[in-house]
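Colleague: Each chain is listed here by its residues.
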Amino acid sequence: MTSLETYIELIGQALRLEPEAFRAAETLPGLALSIVLLAGVSVALGQAVVLFVNRVKPERFIASLLVSAIHYAFGFGFWTLSIWLLGRFLHGDDIFLGNVARAVGLGYAPQLFSFLIFMPYFGIPIYVLLTLWSLLAIVTGVSVSMNLLTWYALLLSGLGWFVLQVSKRTIGRPLIGLARWSRRRVAGVELRDLRELERQVKSQKLELPTPASTELTQTSNGENRAK
Amino acid sequence: MLSSMPLLTALAVIGVGIVIAMLLAPLESLGWWAGWYGDYLKESALSPQPNNQATQCEGVNTASDKTAYLVFLDGIAKVGGNNDDDVQALLDTLSQAIPDVVVLGDVMPYSVTNTALTEARPLARFWRRADQWKIQGHYPLLSFTINIRNLFQVLVSADKRYGPTYNQAEAQVILNNLLEHGYQLDKRLPLTLIGYSGGGQIALGVVPYLQHTLGVTIDVISLGGVMSSDSGLSALRYVYHLVGSKDQVHKLGSLMFPGRWSIVFNSYWNQAKRQGKIHTIALGPMRHTGTASYLDAAKYLDDGQSFLEQTVSVIKTIVTQPATNHRVSGK
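So the sequence lines, in the order shown, correspond to chains L and Y. Under our numbering, the first residue of the first sequence carries the number 1, and numbering increases by one thereafter. Under our numbering, the first residue of the second sequence carries the number 1, and numbering increases by one thereafter.
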């Protein structure tokens with residue numbers, strides 16, 4: 001079996017939440033990061049509406065997607081680090097960061113389908129489904145890599161996420177600022193969220209012809225029509 | 001097993017095709033918003049479109065003696081350009097029944113650039129073929145792709161992420177159409193939007209943008225309309241939901257869109273219901289489309305009116321009588 005076939009097989013098993021996949025992933029160092037980066041691109045595609053409504057030019061579109069994928073990978077990294085640190089704090093030194101990272105990374109496999117979020121109407125339920133599916137996969141991975149019961153792995157993953165959110169709002173603010181700056185730099189515009197844009201769109205009036213550009217013409221049947 | 005494989009393969013191909021089509025659906029409106037199409041809509045506001053057919057009688061001054069404007073937004077079978085015969089019959093009958101109301105029916109509700117499916121598109125040739133099949137009654141599944149494509153635009157309109165840009169663009173198309181047909185901004189004539197089937201959702205979606213610009217009273221008449229709990233409900237005066245007892249399609253709106261469910265207490269739809277904005281009017285034993293539909297001039301009610309006449313009569317009552325005095329009922 002080639003590497004690619006092995007990777008695809010493992011991704012399939014991870015999607016089915018089979019623990020063997022996460023054990024096998026511990027021996028494949030490149031797999032987790034590849035999945036996370038591809039998932040990041042897929043998530044960025046699924047949420048590309050943000051780039052469109054902010055009027056990002058076509059030539060900057062691809063670069064903006066790639067930057068989003070890189071930020072996504074950093075998010076994975078920090079979450080994994082939070083889980084690992086909590087795990088070491090609670091259980092001691094025999095938990096290896098690499099194993100945790102590979103297992104959590106494989107847990108991102110459902111996010112490979114995140115481009116489907118772009119679909120109208122079905123996109124939001126798909127987003128919810130993929131988020132839950134990914135959470136289950138990550139919990140399975142944490143359970144396998146740290147040899148924990150499932151509920152405990154869920155708790156640890158949740159605590160790790162909470163620590164990440166607190167960090168983002170405190171010691172991580174410079175990094176968040178850097179991420180925003182890089183996104184703005186690459187996109188060429190300030191990226192506002194959809195709610196803010198909706199308010200702006202609804203506050204704008206529709207285009208009307210200006211008086212200077214309007215002249216009356218007579219049609220063949222004598223109607224006066226604005227041209 | 002072997003005999004079922006081609007069917008499974010066919011279903012898989014169809015499924016993938018549907019997913020791809022849905023992924024592409026938001027791109028027209030998003031591309032317009034992002035400026036990929038230039039100033040197409042602004043320019044069209046200043047010059048009439050060559051393929052539009054105004055429904056006004058020739059020789060009638062479209063502005064000075066009119067009391068209201070009515071814009072018809074056709075259902076998801078619309079290809080653009082010319083109206084189907086039954087739709088044109090509705091518009092012509094309405095024009096005759098309410099001569100002091102300007103009746104317009106040449107907007108393409110499923111294109112933010114007001115472009116017919118059969119023109120100026122990469123797949124125009126396919127849509128022209130599908131339109132021919134529809135008219136000839138051949139290959140119904142393939143001709144139904146027109147409906148599916150337009151249905152996806154209805155979903156774009158109803159999606160909270162895409163709706164604002166899509167609905168603003170369609171509102172611009174409608175405003176351009178009004179101005180082309182002599183709408184005078186300073187006269188502030190009231191506006192009624194008739195949304196047939198999927199056009200019902202489009203009608204709701206454009207209301208806030210038209211209301212904000214024109215500052216006039218806007219009502220929506222849904223003719224078997226499939227509608228979401230759209231924020232447009234907060235900007236209009238009334239929704240008149242005209243339904244036939246044999247029309248099952250309009251119920252899709254109340255099933256598909258969670259905001260229409262009564263348990264979603266504070267949705268725009270349920271708020272509008274509590275405010276008395278939504279009036280449901282039974283028209284009689286009418287189907288959604290085709291034979292025995294709202295537009296059928298050859299099927300008759302017990303009182304001798306054709307289904308088309310009944311539909312026109314109810315719309316005329318809604319448009320011409322003050323809303324607070326309505327005693328409108330179908331049979």
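Calculated directly from the structure, the hints in this document are not laboratory data. Yeah, the Cβ is synthetic: ideal placement off N, Cα and C, and Gly gets one too. One or more of the hints may lead you astray.
Unchecked claim - Where chain L lies over chain Y, by a calculated footprint (3+ residues, C-beta under 8 Å): (1) 173-185; (2) 188-194.
Claimed, not checked - DEER-style ranges, computed between Cβ atoms: (3) Y:V19 with L:L33: 21 to 31 Å; (4) Y:L11 with L:K205: 19 to 29 Å; (5) Y:L142 with L:T170: 17 to 27 Å; (6) Y:A89 with L:S182: 32 to 42 Å; (7) L:L66 with Y:D86: 49 to 59 Å.
Colleague: Hint by hint, say whether it matches the structure.
Modeller: Verification of the hints:
1. For the segment 173-185 of chain Y, the stated coverage by chain L holds: 5 residues have a C-beta nearer than 8 Å to a C-beta of that chain, and at least 3 were required.
2. Coverage of the segment 188-194 of chain Y by chain L is violated. Counting CB-CB distances below 8 Å, 0 residues qualify, and the rule asks for three or more.
3. At roughly 28 Å, the beta-carbon separation of V19 of chain Y and L33 of chain L lies within the given 21 to 31 Å, and the hint holds.
4. Between L11 of chain Y and K205 of chain L, the C-beta spacing of about 48 Å breaks the proposed range 19 to 29 Å.
5. Our hint of 17 to 27 Å for L142 of chain Y and T170 of chain L is violated, since their Cβ atoms are close to 59 Å apart.
6. The supplied range of 32 to 42 Å is broken by A89 of chain Y and S182 of chain L, whose beta-carbon atoms lie about 59 Å from each other.
7. Remark: the range hint 49 to 59 Å for L66 of chain L to D86 of chain Y is upheld by a beta-carbon distance near 51 Å.
The structure is inconsistent with the numbered hints 2, 4, 5 and 6, although it conforms to all the rest.
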